[in-house]
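Visitor: Required output: the full structure, derived from the provided sequences and hints.
Protein chains in written order, with this note's numbering: chain A, 60 to 220; chain B, 254 to 336.
Source of the hints: derived by calculation from the structure; they are not laboratory data.
A couple of the hints might just be wrong.
Stated by the list, open to error - Pairwise CB distance ranges, derived in the manner of DEER restraints:
hint, chain 1, residue 1, chain 2, residue 2, range
1, B, Leu268, A, Ala187, 19 to 27 Å
2, B, Gly311, A, Lys107, 21 to 29 Å
3, A, His124, B, Thr284, 29 to 37 Å
4, B, Thr284, A, Arg120, 26 to 34 Å
5, A, His159, B, Thr313, 31 to 39 Å
6, A, His98, B, Gln295, 32 to 40 Å
7, A, Asp202, B, Gly279, 18 to 26 Å
Cβ coordinates follow ideal geometry from the N, Cα and C atoms, glycine included.
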Amino acid sequence: MSHEVLSHTPVAVEPLLELDAHPECGGLALFVGTVRDHHEGRQVRHLKYTAHEPLAAKVIRDVEHATRERYGVPYVRIVHRLGDLSIGDVAIACVVRAPHRAEAFDACRYAVDAVKHGAPIWKEEFYADGSSAFVEGCCIRDDLDAPAATSHRHHSHTSHG
Amino acid sequence: MKPIVFELFANLERLAGAAECRVDAGEETVTVADALAVLARQRPELAGSLERCACVSGDTIVRRADPLPADRRIALLPPVAGG
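Guide: Next comes the structure, spelled out in structure tokens:
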């Protein structure tokens, strides 16, 4: 369990696939999130990901474990990139190996959503006009009371990777 | 009075202009919520952002009602947006 889940250098997808292992698996689902050149009508030039690394690594490992358990799949591997990224760079990669395609697709979607909503990682976008902003995100407090929790934890997510 | 150190991330770090923020707090500051109240008083520019922050000690989320961590360090994590 010492594999890297946060990377300060470009993410190589191929080694994550483990194609020479898992002979019981006939399905491989791969999601790769890449840096998009626009956000809510603004032209994005580049962006920067930062994280609270100890908790982010723990959350991502927990998601890998929970996804394996929940979908009964043997292999889930997630890497999130940190640092300065250009348009088209890999931001996140998630690989699921499973006996069949249905659980591979489902598990892959679940894992990516769980990381986006739960790992303390922040995206700062730098725009064509020279300004920058942190993208609105998900509150990860687990002790908000009912009214605040409803409006804060489940606010709509317009951004997608 | 003993210092409490808050580690700041993302827009909170930008608001404060620093990655850490140190406040002095007395014996009456016993919970995470107490510490946040001291921070809000001493750094009003951060006060409006604290409600939606998770508080973390080491690699563990702590709740507002929990005791102040022994090392008197709290990381303040604003809403997240990875992926």
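Visitor: Hint by hint, say whether it matches the structure.
Guide: Do the hints match the structure? See the list:
1. Leu268/B - Ala187/A: 19 to 27 Å: 24 Å, holds
2. Gly311/B - Lys107/A: 21 to 29 Å: Since the Cβ atoms of Gly311/B and Lys107/A sit about 25 Å apart, the hinted range of 21 to 29 Å holds.
3. His124/A - Thr284/B: 29 to 37 Å: 31 Å, holds
4. Thr284/B - Arg120/A: 26 to 34 Å: 29 Å, holds
5. His159/A - Thr313/B: 31 to 39 Å: 37 Å, holds
6. His98/A - Gln295/B: 32 to 40 Å: Taking Cβ atoms as reference, His98/A and Gln295/B lie about 34 Å apart, which means the hint holds.
7. Asp202/A - Gly279/B: 18 to 26 Å: 24 Å, holds
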